[in-house]
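A.B. asks: Could you use the hints to bring the two separately framed chains together as a complex?
As given, the protein sequences belong to chains A and B, one line each in that order. If you're matching positions, the first sequence starts at 0 in numbering that gives the first Met the number 0 and goes up one per residue. If you're matching positions, the second sequence starts at 0 in numbering that gives the first Met the number 0 and goes up one per residue.
Heads up, a few of these hints could be off.
[To be verified] Under 7 Å between C-beta atoms, here's a sample of chain B residues computed to sit facing chain A:
id	residue
1	Pro32
2	Thr33
3	Ala35
4	Asp37
5	Ala38
6	Ala69
7	Tyr178
8	Asn309
9	Ala349
10	Ala360
11	Ile361
12	Thr367
13	Gly405
14	Asn485
[What the hints assert, rightly or not] Below are the EDC-like pairs computed for lysine to aspartate or glutamate, each with C-alpha atoms no more than 20 Å apart in a straight line:
id	chain 1	residue 1	chain 2	residue 2
15	A	Lys204	B	Glu489
16	B	Lys181	A	Asp145
17	B	Lys181	A	Glu16
18	A	Lys138	A	Glu16
19	A	Lys342	B	Glu489
20	A	Lys52	B	Asp271
21	A	Lys111	B	Asp271
22	A	Lys132	A	Glu211
23	B	Lys523	B	Asp47
24	A	Lys204	A	Asp119
25	A	Lys342	B	Glu97
26	A	Lys180	A	Asp286
27	A	Lys116	A	Asp92
28	A	Lys329	A	Asp286
29	A	Lys178	B	Glu489
30	B	Lys524	B	Glu36
31	A	Lys138	A	Asp177
32	A	Lys52	B	Asp21
33	A	Lys280	A	Asp258
34	A	Lys132	A	Asp119
35	A	Lys262	B	Asp37
36	A	Lys262	B	Glu489
37	A	Lys111	B	Asp37
38	A	Lys132	A	Asp92
39	B	Lys137	B	Asp47
Please keep in mind that the hints were generated in silico from the structure rather than gathered at the bench. Please read these numbers as outputs of a predicted model, since none were measured by experiment. Even for Gly, the Cβ is constructed at its ideal location relative to N, Cα and C.
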Amino acid sequence: MFAFMETPPILPLQASEFARQYDLLFWYTMAVTMTGGAVVYALLIYCCFRFAKRSEADRPMRILGSTKLELIWTVIPLFFFLSFFVWGVRVWDYAINPPKEASDREYFAVGKQWMWKVQDPEGLRHINELTVKVDTPMKMTGTSEDVIHDFGIPAFRSKFDVVPGRYTAAWYIPRFTDKAKGGIETHHLFCDQYCGQGHSQMVGKVHVLSAENYENWQAGIFRSTDKKKPVDGSPAWQGRILFHKLQCNGCHFNQQVGDPSPKAPSLEMIAGTVREMADGKRFTADDQYIYNAIRNPSMHIRTGWQAIMPAFHIGLATENDLYNLTQYIKSLRNGDLPYRTDKSPAPIGGAPKSSQGTAPAPATKEGGK
Amino acid sequence: MTATETQTETIRVATTTPGPLDYTPQMVPPPEPTDAEDATRKNYLNYDYSLFGWLFTLDHKRIALMYLAAVSVFFLFGAIAAGLIRTNLITPTGAILELDQYNKAFTAHGTIMLFLFLIPVIPGVLGNFLIPLMVGAKDMAFPKLNLASFYVWFFGALFFVYQLLVGGLDTGWTLYPPYSSKYSHTNVLYAGLGIFITGFSSILTAINIIATVHKMRCPGMTWGRLPLFVWAMYATSIIQLLGTPVLAVTVVMLAIERLFGVGIFDPSIGGDPLLFQHMFWFYSHPAVYIMILPGMGVINEVLTCFSRKNIFGYKAVAWSSVGIALVGFLVWGHHMFLAGQGYYLSMVFALLTMLVAVPSAIKVFNWTATLYGGVITFSAPMIFALGFILLFTVGGLTGLFLGTLGSDIHLHDTYFVIAHFHYTMVGGMMFAWQAGLHFWWPKITGRLYSDFWSRLAAIVMLVGFALTFLPQFVVGYLGMPRRYPNYPPEFQIYNVLSTAAAYVQGLGYAMPIFYLTASLFFGKKAGNNPYRATGLEWQTNSPPEPHNFPETPTVYFQPYEYGVKDGLSVVEKLNSGTKSDGAQTKTVGATSDH
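The shape of chain B in the complex, shown without the other chains (with noise of 0.2 Å):
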């Protein structure tokens, strides 16, 4: 790579530290706590065990628990459905459910996952809990709206139970009508009132992340100094922010029809079923990027500390989530190629939606290049990170598939558009999660889990996902219909691989579920920094404490500086005041520079 700007510091040796650093931390590490220290210390799981300490915390890290339990809870439910949905599948005449048990089991799957579990997962968990921690704040900026946004959503999924409870709903997630405005006599308006909420505390949730990114930054971290997962995080929250009214007012407008016949979408009354799809998809489209983006912005994090890395390219991959989330808004018409709408509109879409495509491959050979001249482990979250590349590009690929004209006529509402989103939510989404969640379980909870378990479990979902739904490409493209409880029997290979596949997928699921909880009790102490990452949120204890950091952090270099040998001495030099770089000091102190 002659292009590419290789740089290597050596400067002499610290002598606070046990040892040299051979990254460079973004801002002065404290000292390691001893044992003593560590036993007294209050942290922000420690210094208030009260039931209101916690169901009434402004604590950012302590809402970010709540909806790990919440959101765990609703992908086991969520999970349960799609056990369901493929084991009635391993016969073409359905197993084990009739055809209206398998209509509510595919709604369940598909509203569960997508409003109460791929939706919140990463922003409420991860970025609740990470976000302030690395622009170096002490918590959001709206802690109280922070709170609200958390039970809002939590009362809005409760309709969602309810409308499980009182005989589920067979709509499809996409809610179409005239079907679900007038012929289906299931609970529409209970999971429209649940969609409707949730999006408010979307909205809510988004409007905060955007004050902290822009107001609570700490001196030095400067726009180009953020780490990318806070890039992307940005980046969903403005497309929540615009998407997620659009959405409110569909389903507002739904249920006027429903409720008074007012004709809106059904064309027998004088609507127009496409109208609904315009709008539906105005949000829906975007909100496949709300799900996918955060998890783009885990794995800059897990990947450049694996590979002990600076990204490639951080502008091109910081930008091109900014650009994935203005694009994302004009492509929507692409679900709609063969639902009537007009032939120019149609290309417009289709153009619009290979540009957009450009972006996602961009990040792909990005991540591809920070490899390139690392110093590779291969941890858990590695694995993950590196099954999340594998599964997205066929996800992606495949994308380009259905966003062709002629192509999507065809595969079209068949199962390689399941297999298609499946590979991009679950290949990429579910990955990136899981890549998280591993990624900063020392950090949220002070312990190390098994390594070995845990390296297994992300190999057994890597394989069992894959398996799962490389049949369904085939299948589909020999024309199986989506949301099919009976098919021809000609299909019923395909589809006893996919659910044998999809039982060891669960199986890979459910281990993370004891290995996690063991480590809560027996893991080993994870020490503030265990992977010897550079971003703020590991230069501080854990758990963190409940201000997260003893003292206002200041910011000297750009996040994943892990090339620089010897780096805690380059922040010595800076504290005293020599400034080794010019360029990098000049806005040291700044609080906010848009």
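Extracted from the complex, chain A is given alone in its bound form (with noise of 0.2 Å):
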């Protein structure tokens, strides 16, 4: 009924060497502030029952102060304290200097409302996907074409504000936990830091590859691990996978129970149909038509829907993307449009199906109805 049925985490994942030491000092500090608690706790409690009120005869010690007790517990947490700070400084020293050869292997994200732009040493781009090999250090550098993101994968125990105007970076050595499966283990990768409408859906992947399936994906023939379902590479295909990744399904989207009004018109069956404009102009929607709606919506206003769609300048969808996010949307039949909150597909394996057959489903609203 909830997705909560199934075993919720009570643990992050351990992804990266960064995160082994993270962990570290995180569970130092936790030890040592829980002991600082329960001995204060232990104390409130035992004073509590043992002083309690029992006749009006009890009388009150007398009690001003004691130089010694408070010298001891001034000292004694300061010295716990400084010991966070020295671990926490070495900590801190690992996290943001990385070694030569993860700086020999730089990734360049670009935060933006509302998606992340990651480009990775090959030179291939990716939106909200992080593809990385497992066991190689590499180094994220980072920056903001509008407002202060921060890049953040829990699972690396890593985040770094990605801030307009200045390069930020952070490196780790990307792990395999004990429960990756088949050379792939996917983690998510986060917006941390409140950047608009849009910052819940700012939101992401982070793939780590065996060696194996990192070249397999880098050469671009990648297969499923059942080493049955091909890749379908067609242009609606890859439009397909285009359309989430864009979060184009944020505003045009297959309305749930429970969903917004959506924003934007939906898509299915627009192929060669007369569209009409909010002013009075009619176009058939060809590949032209939807060329420049994506590339310059507010060229056209569908009649009854507001000019909010932000125009996917050449910056965000290059034209071979917008040729294949075109045969996508010509492809969309009743019902094939995605649901809101359906993610990008993973990069690799499995064969091109309506929305609801690969895209995880929304949890909540599946077993609700």
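C.D. replies: The following block contains the structure:
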């Protein structure tokens, strides 16, 4: 019925070398603070029971203080606080100073409202996806096109603000956890710094691949683990991935129970139909029309809709991307449009299906129906 | 405890009172008025019923009640926003709000709770009401300025209300540019104006409190005899006086950039977004001490009274307040470890953050030691005060994770941070406020509230609060970012637990509205000093007369002398000229010794 009927996670995965180092510090701090807290709680509870008023004849002691005790509980906490500081600096030092082999393998991330554009060292560019090779040091440099974002990967315990006008960086050595299967493991990528309306939509996936899988993926011939389903490389199939990646389904979505009303028209069955514009003009929905509607949405505002769609200029969607998207939109039949909450399908494997087939369905809605 | 000074004095029983006092008030308490006297007695509530008499009153106690009415309404607004946020988070895709609405809800929650509730509540209500009473003065040093600061604050607050009515604000309370200066389409300027104007009120109140503490203390009220609540308010005022102007300047710069496109913070027109963060946190980090220090002051008063004990280490507690106020100004950069500030800068801020944690730890240990050897009763104010210590301990200790350079990396901007500061701000400040309100309610209104319902409310709030934010530590460590209306479904269980407990907590906050209101009409008369407390404010009538004391009080004793038996006879001896304690009487009669 609810997603949490599945066993919820209790601890985050340790999917990088840094995560292991980080967790040592975290659990040291936790052990010390829990002990300190337990001491305070124990003393409080002891006093509350031992010195609770029992009769009118009870008289309190008159204790004004004790310099010795004050010194003790100044110096002991200070000692532990400074130990946090020293260890914290060591971990921090490790986190922000990449070794040379990591710097030689530099990824580049650009945050913009509300997506991540990631470029890997080979020059391949991905949106909301970061695909990395396991056990290989890598550096991630980032900046922003507009407001401040934050590139955070909880499984790597890594996070850094991407700030317009400056470069910030982190580095990782990705590791497989014991939950990894088939040489691939996928983690969350979050924007952690509030950046406006779509802040919580500015999420993506980090795929850690085994060396062999990574090579295959790079070569574009990756086959899914069962080796039977080849990747469909058709323009519409790639367009469908792009449709998710560009979060077109944030507005153009297949409405379910509980969804807000769509902010944008459905795109199903539009190919070849006549579209009426707010200014009275009429257009036939052909390739050129769809192309314009993505590249420069304010050219054509449909009757009854607001001009809220961002322009997908050349920096966001290449000509190739746009062509693929157009082919996908033209292929949409009734019910094919993804749900609002559908996330990007994996970059690898899987035959083209309708959106319900491969995209992870929103669990809460699924069981409720 | 071999090192502690234990001392008991047994002196003959006083004859002028119905029975022996088992504590030593700071001054000679006046006789309890008879019912007939009480019926005709003029107090600050009944001496003038006209609207003019309330709206243009210069009486600090009436101004305090105006603050009480206003902050209660704003708290309700903030609580409604919190309810919307938590309800929306029941499902991973947002149960009731759209993205924009959620962003506006959490911004409204943050700005209202901070600027219109947490910052003014204890200084405005309890500070105003109690500081003149506690130092033995007739009023604040500048009564007209006091009234002005209320109206300035209220005028500023109206801008917050206005911006809510015309569409709200979606920047978060932190107002980070360039989002706030360029990209947000919401009412940044109105909210900025609200912050700017309410800031002036903070400054005026701070000046007033500092002047009152310096110049208005009654004979015998030396610095070493000030109640610790006054010390805490004094430290708070220093922060407000020094920090608030910086926030005002920052908001003006933000407005200039937004209105005229002058490149101050936006890098695309030549500014630097980190400049804003430095200036903003230069005020806003000390501001968390503006919020928590008055609460710590309240806890000192309540704990000592209900455990019948002297405060453990008066000087340590007093100076730790001042220490927090000063060192608190030097740690703002720990909000910016991941924002791209310099390596060594971050190290210095992290080190100072560890140092500022020490005075808070000292206070917690002192409070615990205060309970040792006491005679403890568990009335509602005491339950709230114990709740404060329990929750503030968690809040303070989890702050260490965030102040440590290494461990902040993963936890920054996650729900761990949310849980941490709610444990300090709500678990700390809100519980201190409830403790203070319940403690001084009989003094403010002259009536006693229901013992049963108030204790029940305290326990409901405590349990509801703790369970609301405990799951958020877990989900924060798992990596759930803050300010997310939609989240991965595996985090749902923690959010559902948190929301369920939040409803319980909300129930707890609603309860005092009923039993406190009922106490005004049906409550028993409180008498002058229902808790047998030592402070000057209890040694006058309830509710106090318009000018607080029938005649100028003279102070003979330390606050919190709950341990001396037959205390009043000591006072009598002093009055008759028999100085029993040379050290204590040396400074009797001094009005100011700074």
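A.B. asks: Next step is simple, just say for each hint if it's right about the structure.
C.D. replies: Hints and how they fare:
1. Interface restraint check for Pro32(B): the shortest CB-CB distance to chain A comes to about 25 Å, outside 7 Å, so the restraint is violated.
2. Proximity of Thr33(B) to chain A is violated relative to the hint, the smallest CB-CB distance being about 25 Å (cut-off 7 Å).
3. Interface hint at Ala35(B): violated, since its Cβ lies 30 Å from the closest Cβ of chain A, which is beyond the 7 Å cut-off.
4. With a cut of 7 Å, the hint placing Asp37(B) at the interface with chain A is violated, because the nearest CB-to-CB distance is about 27 Å.
5. Restraint check, Ala38(B) versus chain A: the minimum CB separation of about 31 Å is more than 7 Å; hint violated.
6. A least Cβ separation of about 29 Å between Ala69(B) and chain A goes past the 7 Å threshold, and the interface hint is therefore violated.
7. This hint holds: Tyr178(B) has a C-beta 4 Å from the nearest C-beta of chain A, less than the 7 Å allowed.
8. The interface hint given for Asn309(B) holds, since its Cβ lies 5 Å from the closest Cβ of chain A, which is under the 7 Å cut-off.
9. For Ala349(B), the interface hint holds, the least distance from its beta-carbon to any beta-carbon of chain A being 6 Å, beneath 7 Å.
10. For the restraint placing Ala360(B) at the interface with chain A, the shortest Cβ-Cβ distance is roughly 4 Å, inside the 7 Å limit, so the hint holds.
11. For Ile361(B), the shortest C-beta to C-beta distance to chain A is roughly 6 Å, which falls under 7 Å, so the interface hint holds.
12. Interface hint at Thr367(B): satisfied, since its Cβ lies 5 Å from the closest Cβ of chain A, which is below the 7 Å cut-off.
13. The closest approach between the C-beta of Gly405(B) and any C-beta of chain A is roughly 3 Å, which is under the 7 Å cut-off, so the hint is satisfied.
14. Hint on Asn485(B) holds. Least Cβ distance to chain A is approximately 4 Å, under the 7 Å limit.
15. For the suggested pair Lys204(A) and Glu489(B), the alpha carbons sit about 15 Å apart, so the restraint of at most 20 Å is met.
16. A distance of roughly 9 Å separates the Cα atoms of Lys181(B) and Asp145(A); the hinted pair therefore holds under the 20 Å criterion.
17. For the suggested pair Lys181(B) and Glu16(A), the alpha carbons sit about 39 Å apart, so the restraint of at most 20 Å is broken.
18. For the hint linking Lys138(A) to Glu16(A), the alpha-carbon distance of about 13 Å falls within 20 Å, and the restraint holds.
19. A hinted pair counts as satisfied when its Cα atoms are at most 20 Å apart, and Lys342(A) with Glu489(B) qualifies at roughly 14 Å.
20. At roughly 60 Å between alpha-carbon atoms, Lys52(A) and Asp271(B) are farther apart than 20 Å, so this suggested pair is violated.
21. Straight-line distance between C-alpha atoms of Lys111(A) and Asp271(B) comes to about 18 Å, which keeps the hinted pair within the 20 Å bound.
22. Note on Lys132(A) and Glu211(A): the hinted pairing holds, with a Cα-Cα distance of about 9 Å set against a maximum of 20 Å.
23. At roughly 23 Å between alpha-carbon atoms, Lys523(B) and Asp47(B) are farther apart than 20 Å, so this suggested pair is violated.
24. Between Lys204(A) and Asp119(A) the CA atoms are separated by roughly 14 Å; this keeps the pair inside 20 Å, and the hint holds.
25. Straight-line distance between C-alpha atoms of Lys342(A) and Glu97(B) comes to about 18 Å, which keeps the hinted pair within the 20 Å bound.
26. A C-alpha spacing of about 41 Å is found between Lys180(A) and Asp286(A), which places the hinted pair above 20 Å, so the restraint is violated.
27. With a C-alpha separation of about 27 Å, the suggested pair Lys116(A) and Asp92(A) falls outside the 20 Å cut-off, and the hint is violated.
28. Proximity of Lys329(A) to Asp286(A) is assessed by CA-CA distance (about 8 Å); at most 20 Å being required, the pair is judged to hold.
29. A distance of roughly 16 Å separates the Cα atoms of Lys178(A) and Glu489(B); the hinted pair therefore holds under the 20 Å criterion.
30. About 13 Å separates the Cα atoms of Lys524(B) and Glu36(B), which keeps this hinted pair within 20 Å; it holds.
31. For the hint linking Lys138(A) to Asp177(A), the alpha-carbon distance of about 24 Å lies beyond 20 Å, and the restraint is violated.
32. Taking the CA atoms of Lys52(A) and Asp21(B), the gap is near 14 Å; set against the 20 Å cutoff, the hint holds.
33. Taken as a hint, the Lys280(A) and Asp258(A) pair is broken in the structure, with Cα atoms around 31 Å apart against an allowance of 20 Å.
34. Using a Cα cut-off of 20 Å, the hinted pair Lys132(A) and Asp119(A) holds, with the two alpha carbons roughly 11 Å apart.
35. Between the alpha carbons of Lys262(A) and Asp37(B) the distance comes to roughly 67 Å, so the proposed pair goes past 20 Å and is violated.
36. For the given pair, Lys262(A) sits about 27 Å from Glu489(B) by alpha-carbon distance, which is inconsistent with the 20 Å threshold.
37. The suggested pairing of Lys111(A) with Asp37(B) is violated, with an alpha-carbon distance near 69 Å, which exceeds 20 Å.
38. Proximity of Lys132(A) to Asp92(A) is assessed by CA-CA distance (about 24 Å); at most 20 Å being required, the pair is judged violated.
39. Only pairs whose Cα atoms come within 20 Å are accepted, and Lys137(B) paired with Asp47(B) is accepted, the gap being roughly 17 Å.
Of the numbered hints listed earlier, those contradicted by the structure are 1, 2, 3, 4, 5, 6, 17, 20, 23, 26, 27, 31, 33, 35, 36, 37 and 38.
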